[in-house]
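Visitor: Here is what each chain is made of, one letter per residue.
2 protein chains.
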Amino acid sequence: MASLKVPASVPDPCEDAEQLKKAFKGWGTNEELIIQILAHRNAAQRKLIRDSYAAAYGEDLLKDLDSELTSDFQRIVLLWTLSPAERDAYLANEATKRLTASNWVIMEIACTRSSDELFKARQAYHTRYKKSFEEDVAYHTTGDFRKLLVPLITAFRYEGEEVNMTLARKEANILHEKVSGKAYNDEELIRIISTRSKTQLNATFNHYNDQHGHEIIKDLEADDDDEYLKLLRAAIECLKTPEKYFEKVLRVAIKGLGTDEWDLTRVVATRAEVDMERIKEEYNKRNSVTLDRAITGDTSGDYERMLLALIGHGDA
Amino acid sequence: MASLKVPASVPDPCEDAEQLKKAFKGWGTNEELIIQILAHRNAAQRKLIRDSYAAAYGEDLLKDLDSELTSDFQRIVLLWTLSPAERDAYLANEATKRLTASNWVIMEIACTRSSDELFKARQAYHTRYKKSFEEDVAYHTTGDFRKLLVPLITAFRYEGEEVNMTLARKEANILHEKVSGKAYNDEELIRIISTRSKTQLNATFNHYNDQHGHEIIKDLEADDDDEYLKLLRAAIECLKTPEKYFEKVLRVAIKGLGTDEWDLTRVVATRAEVDMERIKEEYNKRNSVTLDRAITGDTSGDYERMLLALIGHGDA
Numbered sequence: 103m104a105s106l107k108v109p110a111s112v113p114d115p116c117e118d119a120e121q122l123k124k125a126f127k128g129w130g131t132n133e134e135l136i137i138q139i140l141a142h143r144n145a146a147q148r149k150l151i152r153d154s155y156a157a158a159y160g161e162d163l164l165k166d167l168d169s170e171l172t173s174d175f176q177r178i179v180l181l182w183t184l185s186p187a188e189r190d191a192y193l194a195n196e197a198t199k200r201l202t203a204s205n206w207v208i209m210e211i212a213c214t215r216s217s218d219e220l221f222k223a224r225q226a227y228h229t230r231y232k233k234s235f236e237e238d239v240a241y242h243t244t245g246d247f248r249k250l251l252v253p254l255i256t257a258f259r260y261e262g263e264e265v266n267m268t269l270a271r272k273e274a275n276i277l278h279e280k281v282s283g284k285a286y287n288d289e290e291l292i293r294i295i296s297t298r299s300k301t302q303l304n305a306t307f308n309h310y311n312d313q314h315g316h317e318i319i320k321d322l323e324a325d326d327d328d329e330y331l332k333l334l335r336a337a338i339e340c341l342k343t344p345e346k347y348f349e350k351v352l353r354v355a356i357k358g359l360g361t362d363e364w365d366l367t368r369v370v371a372t373r374a375e376v377d378m379e380r381i382k383e384e385y386n387k388r389n390s391v392t393l394d395r396a397i398t399g400d401t402s403g404d405y406e407r408m409l410l411a412l413i414g415h416g417d418a
Numbered sequence: 103m104a105s106l107k108v109p110a111s112v113p114d115p116c117e118d119a120e121q122l123k124k125a126f127k128g129w130g131t132n133e134e135l136i137i138q139i140l141a142h143r144n145a146a147q148r149k150l151i152r153d154s155y156a157a158a159y160g161e162d163l164l165k166d167l168d169s170e171l172t173s174d175f176q177r178i179v180l181l182w183t184l185s186p187a188e189r190d191a192y193l194a195n196e197a198t199k200r201l202t203a204s205n206w207v208i209m210e211i212a213c214t215r216s217s218d219e220l221f222k223a224r225q226a227y228h229t230r231y232k233k234s235f236e237e238d239v240a241y242h243t244t245g246d247f248r249k250l251l252v253p254l255i256t257a258f259r260y261e262g263e264e265v266n267m268t269l270a271r272k273e274a275n276i277l278h279e280k281v282s283g284k285a286y287n288d289e290e291l292i293r294i295i296s297t298r299s300k301t302q303l304n305a306t307f308n309h310y311n312d313q314h315g316h317e318i319i320k321d322l323e324a325d326d327d328d329e330y331l332k333l334l335r336a337a338i339e340c341l342k343t344p345e346k347y348f349e350k351v352l353r354v355a356i357k358g359l360g361t362d363e364w365d366l367t368r369v370v371a372t373r374a375e376v377d378m379e380r381i382k383e384e385y386n387k388r389n390s391v392t393l394d395r396a397i398t399g400d401t402s403g404d405y406e407r408m409l410l411a412l413i414g415h416g417d418a
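So the protein sequences, as listed, match chains H and Z. Here the numbering used here is used: the first residue of the first sequence is 103, the next is one more, and so on. Here the numbering used here is used: the first residue of the second sequence is 103, the next is one more, and so on.
No lab work stands behind these hints, which were simulated from the structure alone. It is possible that some hints are incorrect.
[What the hints assert, rightly or not] Residues of chain Z clear of chain H, computed beta-carbon distances all greater than 10 Å:
1) Arg200
2) Glu236
3) Ser299
[What the hints assert, rightly or not] Here are the simulated DSBU-like cross-link-like pairs (lysine-lysine), alpha carbons at most 30 Å apart as the crow flies:
4) H:Lys249 / Z:Lys222
5) Z:Lys249 / H:Lys232
6) H:Lys300 / Z:Lys280
7) H:Lys272 / Z:Lys272
8) H:Lys199 / Z:Lys300
9) H:Lys222 / Z:Lys249
10) H:Lys199 / Z:Lys199
On a predicted model such as this, the values are computed, not experimentally measured, just so you know. We treat Cβ as the ideally placed atom computed from N, Cα and C, and that holds for glycine.
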């Protein structure tokens with residue numbers, strides 16, 4: 103369930119565009135107004151605002167936001183304002199670039215989006231970068247990482263509820279055999295993880311648990327040096343229980359010395375309109391503190407206000 | 103260029119549906135009428151006829167065609183009447199089944215369709231078979247064949263005209279190094295073939311030729327035992343010059359003892375609305391006989407008439 107709060111009566115997009123233009127004018131920027139508008143509009147509404155802004159002022163709202171805002175606040179407003187597909191393409195592209203490379207972000211986009219969302223991100227990648235997502239991922243990764251990531255991002259998984267129980271049993275045994283033998287980069291294991299529907303995989307993982315007495319996730323506990331194994335484990339978590347995966351990313355981002363704003367921003371911007379309520383529940387359960395409070399404790403200013411608005415704190 | 107001939111004035115789809123219904127009635131079926139209608143309607147028009155037929159008679163035109171017709175004529179009429187995406191999904195599914203398994207058909211669909219066409223075939227596969235194309239291919243293939251085919255069918259290649267010449271030079275050298283070393287299943291080679299845009303690959307292959315004095319296709323001449331190498335070579339031919347690949351499939355299907363109706367039917371049904379005119383040119387150039395004449399010499403009856411109509415022989 104989404105955490106985004108949209109007011110009962112939404113202003114006309116032209117009016118929103120006009121207000122945003124005003125927020126940029128004069129001495130300093132009115133960040134409060136920007137949050138009040140953008141953090142309370144859904145993807146379709148934000149798209150209309152961008153269109154109205156372009157029509158009224160001949161300028162790209164994103165470019166103006168980029169030049170008016172700074173730092174973490176700028177990043178979250180920009181990411182949020184993009185359409186989900188454009189945002190995924192942007193994050194995916196960043197994740198294939200040397201200085202911002204991240205196998206985790208690539209895996210996260212591949213495994214937590216619906217089949218249609220992932221495909222739309224691949225279309226948006228074509229449009230924006232004049233090449234394909236998979237050619238960048240395949241080019242910039244090597245070895246086991248490439249072997250796992252390319253099939254994950256190119257998958258178009260079936261999304262019906264059908265389960266083949268015979269297959270689930272058979273493939274649970276294959277997975278168990280490979281995991282027991284520490285054959286984590288095995289072709290059969292990657293085939294199963296990267297092609298089966300999430301519903302089918304769920305049955306397979308359940309059977310694994312029933313038959314062998316452990317969850318597959320537990321059997322994949324990695325020592326800290328094995329980056330590939332950690333990524334594989336996270337991929338399975340994303341396919342199985344994305345809210346738990348995201349809870350952990352938030353927990354690690356907020357805990358410890360300093361905050362990882364990069365991760366915090368990404369998770370909030372990409373999940374606010376999807377399943378942030380479930381993630382908040384998980385967070386509360388696991389940390390005995392609400393995500394709202396954790397964010398308040400670790401961030402400040404407009405960035406904090408934008409995060410809180412997106413996770414549904416306060417009214418629209 | 104398509105070979106399909108559509109009459110200047112196309113009857114209303116309801117009228118076509120009525121005529122088809124009539125063709126099925128009474129003593130025997132009027133095959134001539136079926137050809138006259140279906141072989142001269144494009145995909146959108148055939149769709150409307152199917153819709154009108156279902157609305158008027160509460161029956162599926164494809165089921166009636168299936169029960170009224172037989173043998174090779176039945177197969178070509180059914181394949182042709184399907185929409186291109188449904189047809190590809192049907193052929194793809196057949197190619198993953200034990201008795202009709204064909205790595206060639208899978209490769210052909212992956213490499214000769216546009217990115218959108220291939221994606222639509224994957225969508226149609228979901229709808230019809232309640233699973234994904236790639237999960238069937240990955241499940242039913244092994245080793246090098248799987249390693250090549252899965253990335254080919256899951257690709258969503260960029261289709262713009264942009265070429266990166268530096269990359270083309272670099273990747274031509276990688277390809278040459280792998281091919282010279284007979285490392286035909288090498289990951290880098292498969293990465294390049296399966297992810298780059300066709301325009302980019304064309305520049306890469308040209309550079310290969312310029313730099314090393316042979317076409318890559320020539321350097322991949324296989325002895326008859328190496329099925330994988332033959333498939334790889336054909337994949338490159340499909341990506342580079344599909345009309346030459348299809349000319350060869352037709353030539354082999356028609357030549358020799360007996361005709362391979364399965365291949366002949368597939369190529370005519372899938373290319374009549376796409377590039378059959380180019381394939382006919384290639385065929386004529388390579389065999390010093392027109393495809394029309396070759397088909398007349400090797401087939402007969404309604405099957406022959408349907409093939410000839412689809413390749414544009416005679417008037418609409």
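Visitor: Each hint: holds or not?
Guide: Results of checking the hints against the structure:
In this structure Arg200 (chain Z) is separated from chain H by more than 10 Å, as the shortest Cβ-Cβ distance comes to about 16 Å. The beta carbon of Glu236 (chain Z) sits about 5 Å from the closest Cβ of chain H, which is not more than 10 Å, so the claim that it is off the interface is violated. A beta-carbon of chain H comes within 10 Å of the beta-carbon of Ser299 (chain Z); the shortest separation is about 7 Å. About 25 Å separates the Cα atoms of Lys249 (chain H) and Lys222 (chain Z), which keeps this hinted pair within 30 Å; it holds.
Annotation: proposed proximity of Lys249 (chain Z) to Lys232 (chain H) holds, straight-line Cα distance about 26 Å (limit 30 Å). Between Lys300 (chain H) and Lys280 (chain Z) the CA atoms are separated by roughly 37 Å; this puts the pair beyond 30 Å, and the hint is violated. Distance check on the hinted pair: Lys272 (chain H) and Lys272 (chain Z) sit about 43 Å apart at the alpha-carbon level, beyond 30 Å; violated. For the given pair, Lys199 (chain H) sits about 23 Å from Lys300 (chain Z) by alpha-carbon distance, which is consistent with the 30 Å threshold.
As the CA atoms of Lys222 (chain H) and Lys249 (chain Z) are separated by approximately 25 Å, the hinted pair is consistent with the 30 Å bound. Distance check on the hinted pair: Lys199 (chain H) and Lys199 (chain Z) sit about 41 Å apart at the alpha-carbon level, beyond 30 Å; violated.
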